[in-house]
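Undergrad: Chain residues, written in single-letter form:
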Amino acid sequence: MTPRRIVVGAHYGLGSWLAQRITAVIMALYSVILLGLFMTGRPISYGVWRDLFQNGWMRVATLLFAVSLAWHAWVGVRDIVMDYIKPDGLRLGLEVVTILVLAGYVGWTVQVLWR
Amino acid sequence: MSSAAAKRPRPKYLNLPAILFEIRLPMPAWVSILHRVSGTLLFFPFAAWLLYLLDTTLASEQGFARVKDHYLQLPVVKLALIVFIWAYAHHFCAGIRFLLLDLNMGIELAPARRSATAVIVMGLLLTAYCAWRIW
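Here the protein sequences line up with chains A and B, keeping their order.
Taking my numbering, the leading residue of the first sequence gets 1, the next gets one more, and so forth.
Taking my numbering, the leading residue of the second sequence gets 1001, the next gets one more, and so forth.
These are computed hints drawn from the structure, not numbers from a lab.
Just to be clear, a hint being listed does not mean it is correct.
Unchecked claim - Far from chain A, by Cβ distances over 10 Å, these chain B residues were calculated:
id: 1; residue: 1018
id: 2; residue: 1028
id: 3; residue: 1048
id: 4; residue: 1117
id: 5; residue: 1120
id: 6; residue: 1131
Claimed, not checked - Simulated restraints, written as ranges between beta carbons of each label pair:
id: 7; chain 1: A; residue 1: 46; chain 2: B; residue 2: 1022; range: 50 to 56 Å
id: 8; chain 1: B; residue 1: 1023; chain 2: A; residue 2: 93; range: 43 to 49 Å
id: 9; chain 1: A; residue 1: 29; chain 2: B; residue 2: 1117; range: 23 to 29 Å
id: 10; chain 1: A; residue 1: 18; chain 2: B; residue 2: 1048; range: 25 to 31 Å
id: 11; chain 1: B; residue 1: 1048; chain 2: A; residue 2: 55; range: 20 to 26 Å
id: 12; chain 1: A; residue 1: 96; chain 2: B; residue 2: 1120; range: 22 to 28 Å
id: 13; chain 1: A; residue 1: 22; chain 2: B; residue 2: 1104; range: 28 to 34 Å
id: 14; chain 1: A; residue 1: 42; chain 2: B; residue 2: 1082; range: 19 to 25 Å
id: 15; chain 1: B; residue 1: 1022; chain 2: A; residue 2: 55; range: 49 to 55 Å
id: 16; chain 1: A; residue 1: 16; chain 2: B; residue 2: 1065; range: 38 to 44 Å
id: 17; chain 1: B; residue 1: 1134; chain 2: A; residue 2: 54; range: 24 to 30 Å
id: 18; chain 1: B; residue 1: 1117; chain 2: A; residue 2: 52; range: 34 to 40 Å
Model, not experiment: these values are computed from the prediction.
Each residue gets a CB set at the ideal place from its N, CA and C atoms; glycine is no exception.
Generate the whole structure from the sequences, applying the supplied hints.
TA: Below is the structure:
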């Protein structure tokens, strides 16, 4: 008889893993679209640049990118911190700093987009 | 187990010189560690730097002109831009490889090693192309 598996932990691993992949696809699509806009060969003046980010869809897409980045980087940085930083206090400190930095990025993005 | 293997001191503790010079990491290991290195760099400082550039270029026409005609022309800034492009290109290519591996595509040893080499080469080629365009 197989012994019953004792599952421990907080059980959010699969969710984080999946979120990291979905946000990766969102950011990859945004990157390719933005690169495509740059590659049209049209010289980018201030007017072109400003108008691009005045589009409602571009603002929403950029905000979606920023939120995706924050979520994706949270999972990634947390993985790295858990792998290499052993002292609990330092690990917790770095995780808190990471959250603050990422939240700051999202806030800053909102501020830049909806000025 | 051969006697030579038995005599080697165990456990073997890994450190940076060992990883760089003593142990020959397979290509997929390089892709993985560089994915971490590039990801960390993109999280900080590059994301903050890009937001600063977006902020400045969108805030005013003067800011846009200052970034485009002066700031981005500085050699040290161009160098930073090239490092950013490498980090983005490598992270992008390696990420697509990982997504395909997650879908069970190319998970045999030989194709996984080939795709790892392809990722590293693609990252460097894209960086070289952009570096050539920037300078």
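Undergrad: Are the hints correct? Go through all of them and say.
TA: Cross-check of the supplied hints:
The non-interface label for residue 1018 of chain B is consistent with chain A: the shortest C-beta to C-beta separation is roughly 16 Å, beyond 10 Å. The Cβ of residue 1028 of chain B sits about 17 Å from the closest Cβ of chain A, beyond the 10 Å cut-off, so the non-interface label holds. The beta carbon of residue 1048 of chain B sits about 7 Å from the closest Cβ of chain A, which is not more than 10 Å, so the claim that it is off the interface is violated. The Cβ of residue 1117 of chain B lies farther than 10 Å from every Cβ of chain A, with a closest approach of about 21 Å, so its non-interface assignment holds.
Listed as outside the interface, residue 1120 of chain B is consistent with that label: its C-beta sits roughly 18 Å from the nearest C-beta of chain A, beyond the 10 Å cut-off. For residue 1131 of chain B, the condition that its CB be more than 10 Å from all CB atoms of chain A holds, with the nearest at approximately 16 Å. Roughly 53 Å separates the CB atoms of residue 46 of chain A and residue 1022 of chain B, a value that falls within the hinted 50 to 56 Å. Hint check: residue 1023 of chain B to residue 93 of chain A, Cβ distance near 31 Å, so the stated range 43 to 49 Å is violated.
Judged by the Cβ atoms, the range 23 to 29 Å given for residue 29 of chain A and residue 1117 of chain B holds: they are separated by roughly 26 Å. Hint check: residue 18 of chain A to residue 1048 of chain B, Cβ distance near 27 Å, so the stated range 25 to 31 Å holds. Between residue 1048 of chain B and residue 55 of chain A, the C-beta spacing of about 25 Å keeps the proposed range 20 to 26 Å intact. Our hint of 22 to 28 Å for residue 96 of chain A and residue 1120 of chain B is violated, since their Cβ atoms are close to 34 Å apart.
Here the CB-CB span from residue 22 of chain A to residue 1104 of chain B is close to 18 Å, at odds with the stated 28 to 34 Å. Distance hint for residue 42 of chain A and residue 1082 of chain B: a CB-CB separation of about 24 Å, consistent with the stated range 19 to 25 Å. Separation of residue 1022 of chain B from residue 55 of chain A is about 54 Å and conforms to the stated range, judged on CB atoms against 49 to 55 Å. In this structure, residue 16 of chain A and residue 1065 of chain B meet the distance hint of 38 to 44 Å, their C-beta atoms being roughly 43 Å apart.
With their beta carbons about 27 Å apart, residue 1134 of chain B and residue 54 of chain A fall inside the hinted range of 24 to 30 Å. Hint check: residue 1117 of chain B to residue 52 of chain A, Cβ distance near 37 Å, so the stated range 34 to 40 Å holds.
Against the hints set out earlier in the document, violations occur for numbers 3, 8, 12 and 13.
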